[in-house]
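A.B. asks: Letter by letter, the chains look like this.
Protein chains: 2
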Amino acid sequence: MLPPAHLLVVAVGAALLLAFRPPLPALAARPIVAAAGGKPAPTEAAATARWLAAQNTWGVLSTISSDLSGAPFGNVVSYSDGVPGESHGIPYFYLTTLDPTARDALEDERTSFTLSEFPLGTCGKIDPENPTCAKLTLTGKLKLIDPQSSEADLAKEALFTKHPEMEGWPKNHHFQIFKLEIKNIFLIDWFGGPKPISPTEYLEYEKNRALLKSS
Amino acid sequence: MLPPAHLLVVAVGAALLLAFRPPLPALAARPIVAAAGGKPAPTEAAATARWLAAQNTWGVLSTISSDLSGAPFGNVVSYSDGVPGESHGIPYFYLTTLDPTARDALEDERTSFTLSEFPLGTCGKIDPENPTCAKLTLTGKLKLIDPQSSEADLAKEALFTKHPEMEGWPKNHHFQIFKLEIKNIFLIDWFGGPKPISPTEYLEYEKNRALLKSS
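Residue numbers (this note's numbering), protein chains in the order written: chain A, 1 to 215; chain B, 1 to 215.
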């Protein structure tokens with residue numbers, strides 16, 4: 001699954017990491033050239049965030065718990081931000097109020113959704129907490145989608161393509177489609193702290209890339 | 001990594017799942033016999049929770065964000081609940097206040113820590129959100145450990161054994177050891193909703209197992 005060129009990038013990255021600890025500022029700013037189709041270079045923050053959202057199939061959705069007096073509550077959920085090859089960056093979920101996460105969101109929309117590069121297998125031997133093993137937290141509002149809308153049709157296609165068994169889940173569990181309306185983006189993909197990415201930069205990444213290509 | 005007997009259990013579970021959808025109550029209550037050393041049977045809730053905590057090396061730690069006006073904030077972190085083969089169920093973390101999670105916890109201790117069975121590879125083709133692919137959320141208080149205490153020594157050994165590169169992380173980042181003081185346990189490992197497990201049942205699982213063996 002991992003092209004040899006990408007393995008080389010990981011190996012070189014790991015060697016640099018061991019050789020220059022603690023990292024020098026000059027090193028922290030130096031981009032790694034990504035293998036074609038693989039993980040984007042650390043200089044490409046919006047691309048990396050969109051890559052993480054497109055490649056993963058599950059993450060942790062955190063809500064303000066109504067059962068636990070307002071404590072944060074993280075839950076493992078599946079999601080999709082589009083059919084393969086046509087991701088749009090917005091995570092859609094298929095949730096039931098039999099589960100606390102959907103109940104919490106209907107009372108308090110504030111939610112964060114967290115993804116790691118680690119389960120994709122591209123971090124190699126780098127620790128999951130190492131800043132070069134990318135992590136993304138999208139924070140915003142978890143919104144229920146009108147089941148009669150065209151957005152619901154697109155979301156269902158996105159979800160059921162990546163998660164085929166969802167379509168057969170029990171009807172009497174009343175699964176509903178939710179989406180995260182993104183307000184804040186926290187991305188770590190290199191040394192030097194989180195990368196500043198606005199929701200617009202993140203969501204319009206594909207459009208901007210197309211404009212760059214055609215200019 | 002996965003013994004053939006365990007693969008068989010997963011395959012039989014998947015076949016039953018496809019054949020009996022939506023699940024019949026009688027099926028939901030039927031235990032699957034686990035392969036020796038593998039995932040415990042769904043009837044063994046405390047054992048399953050402890051197995052998830054012992055097998056994983058990373059999860060998502062969710063705090064009440066001070067940067068984001070009290071929104072929940074999930075972050076990818078590494079952890080250890082003991083050296084391999086001697087897990088105790090309490091997750092220890094190695095965090096820096098350069099990162100928002102540690103800063104949040106020092107202002108508001110309420111935290112949840114979420115683990116999935118999916119990255120272990122034992123869910124097979126079952127979807128990450130399917131209730132038979134186990135998920136664990138430990139909710140409680142994230143506590144800073146006195147670096148001079150014997151607990152800190154044990155925690156360091158537990159962390160550095162599972163995450164060798166941690167020991168070489170930059171000293172000027174001032175990493176500190178935290179632990180989750182567990183108040184509530186949410187485990188899904190089968191149909192029928194979360195399993196009731198008390199923190200005592202979870203933490204004393206090994207002791208109780210030893211008592212059962214010797215009786």
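Check before you lean on any hint, since a few could be wrong.
It does not matter which identical chain is meant; a pair holds if it fits inside one copy or across any two.
What the hints assert, rightly or not - The calculated SDA-like cross-link candidates involving lysine to any residue, where the alpha carbons are at most 20 Å apart (straight line), are:
id	residue 1	residue 2
1	Lys156	Asp127
2	Lys141	Ser66
3	Lys183	Pro100
4	Lys183	Glu167
5	Lys156	Glu181
The set of hints was computed from the structure by calculation and includes no laboratory data. This one's a predicted model, so the numbers in the text were calculated from it and none came from an experiment.
A.B. asks: Among all the numbered hints in the text so far, which are the ones the structure does not match?
C.D. replies: 4
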